[in-house]
Structure formats: structure tokens, C-alpha cells
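Engineer: Sequence:
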Amino acid sequence: MALVEVRNVWVYCDHSPQLEDVSLLVNDHDFLSIIGPNGAGKTTLLKVILGLIQPARGSVTVLDSAPEIGRKQIGYMPQDIQFDSAFPISVFDVVLMGRYKHLLSSYSEKDKKAVMEALKTVEMAKLKDRRIGTLSGGEQQRVFLARALARQPRLLLLDEPTASIDPDARKSFYELLTSLKERMAILLVTHDISVVSVYVDSVACLNRRLYYHGPAEGALKQLEQVYQCPVEVLAHGIPHRVLRRHNNDGDL
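Taking our numbering, the leading residue of the sequence shown gets 36, the next gets one more, and so forth.
Be a bit skeptical, because a hint or two may be false.
What the hints assert, rightly or not - List time: in silico DSS-like cross-link candidates among lysine-lysine, alpha-carbon distance up to 25 Å:
{"no.": "1", "residue 1": "Lys-82", "residue 2": "Lys-216"}
{"no.": "2", "residue 1": "Lys-82", "residue 2": "Lys-148"}
{"no.": "3", "residue 1": "Lys-155", "residue 2": "Lys-145"}
{"no.": "4", "residue 1": "Lys-82", "residue 2": "Lys-145"}
{"no.": "5", "residue 1": "Lys-163", "residue 2": "Lys-148"}
Stated by the list, open to error - Simulated restraints on C-beta separations:
{"no.": "6", "residue 1": "Ser-58", "residue 2": "Lys-148", "range": "17 to 27 Å"}
{"no.": "7", "residue 1": "Glu-252", "residue 2": "Ser-51", "range": "17 to 27 Å"}
{"no.": "8", "residue 1": "Asn-43", "residue 2": "Ser-214", "range": "18 to 28 Å"}
By construction, these hints were calculated from the structure, which means they are not laboratory data. These numbers were taken from a predicted model, which means no experiment stands behind them. Built from N, CA and C at the ideal position, the CB exists for glycine as well.
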């Protein structure tokens, strides 16, 4: 079943195209990664799916509804989550924000139960009373993932969730996502190209337009076209590093 259908979508910013005739399907229990260089439109595409950006042309449906309605069943973890590390808010309360419904609404016991389930899923329940600012970067990302999971979504959207954490925490985070795909579809935006060879099921190679959308093993052949330079992926069983050699200057 297709949870998301993006059909021939165009998005412009100051008359410059950010997305060009993009079509994409996300099926139930997919683990799909969107990869591409900076400025490729990856975050823009997520915001189109969420109904935060309206396309100039094309159509988007989320769970057979308009994005503004379908997004109620989406858990979203944005790229830059800003907070004051000195602010005295607990891990539990951060995750509870994921159950927010509307102004002046109060939280129920059902909400609190959903928060505990989400914290257990990301293995952070023992730290529920800790201040969020005292946690490591990897622990904080798990808490923000729990906040997205607290909505009990059918679709999880993640925008560069491992950009600021160390390799060990990154590996652990990806393994956690792999366990979640039995419960929901996952759409992951990442610069970590090596994740393609290890964790995800399918890949969308995006650089304003879609160059490839299919099984992960077929994506590696498309990367040079997407990044517009030779690309070598070194995986060695876990996400490791990506070397990009530019013909003009010979730099790595």
C-alpha cells in the first residue's frame, strides 16, 4: 500500500526550481533513504509531504488524504532541533511534546503511556527524569526520535538525524531504525551515502530532479550523476566514509 504518492511535483523559490517534476512512492514498511548533495531539495521534499510547502505544480497524497490531513499520522524529526541546554526540561517532557494536539489541550494518561512506550523503544526510559541538556548527542537524538514515535505514526520522516553524532552512535541509531520498519514506513534524508549499502531497502537519488528511485543495490551506480563528480563508497560492513574526487583539482 502506498502511504505517500508524490506526482510530477515542481517547487520554486524566487523563480528558481527547487524540485523539478519529482514523482515518488513510499509504501507501507518501506525503509527509503533520500540522498543527494547540499541544495538538492531533500528537505524541501519532506516539507512538501508534510504540507508545509505547497508545490507550484503536481500533486501529493498522504494516506489517501491531503498532506495537511495525512500528516496527523506522520512522526517528523527535523534536521536542526534548537533548544537551550540549560533549560530545565526533562527527557519525559520533551517526548510528551510529541503528543501535542492543539492549544490549551491537556495531556491524558494515554498520552503519558505512549511517551513511556516510545522511550522504551529507543532504550531511554531509564533516563526519563534527566534534563535533556545533560545527555550526549547520541542520547539526545534518541530522545527526539522518541518524540516523533510518541505520535504512534504510520510514517516516520527523518531529516539528517545522525549528522551530529559519532560513528558508534550512528551505527546504533541506524540499527534502531531497522527494527522500527516492521511497525511503520521510514523516510530518511541523509548525507551518509554509505548507509545505502548496509541498512535501507530502497533509495531515491535527488538533485532537484529524481535520478533514481528503486532498490538500494542499484543506487550506487547513479551516485556520480547525482553528485556530478566521481564517488567511491567505503562501507566495510558499517557506515564509514565517502570520498569524492573532483577532476578539476584532484582533491578528495
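Engineer: Can you name, in rising order, the numbers of the hints this structure does not satisfy?
Structural biologist: Of the numbered hints, 2, 4, 6, 7 and 8 do not hold.
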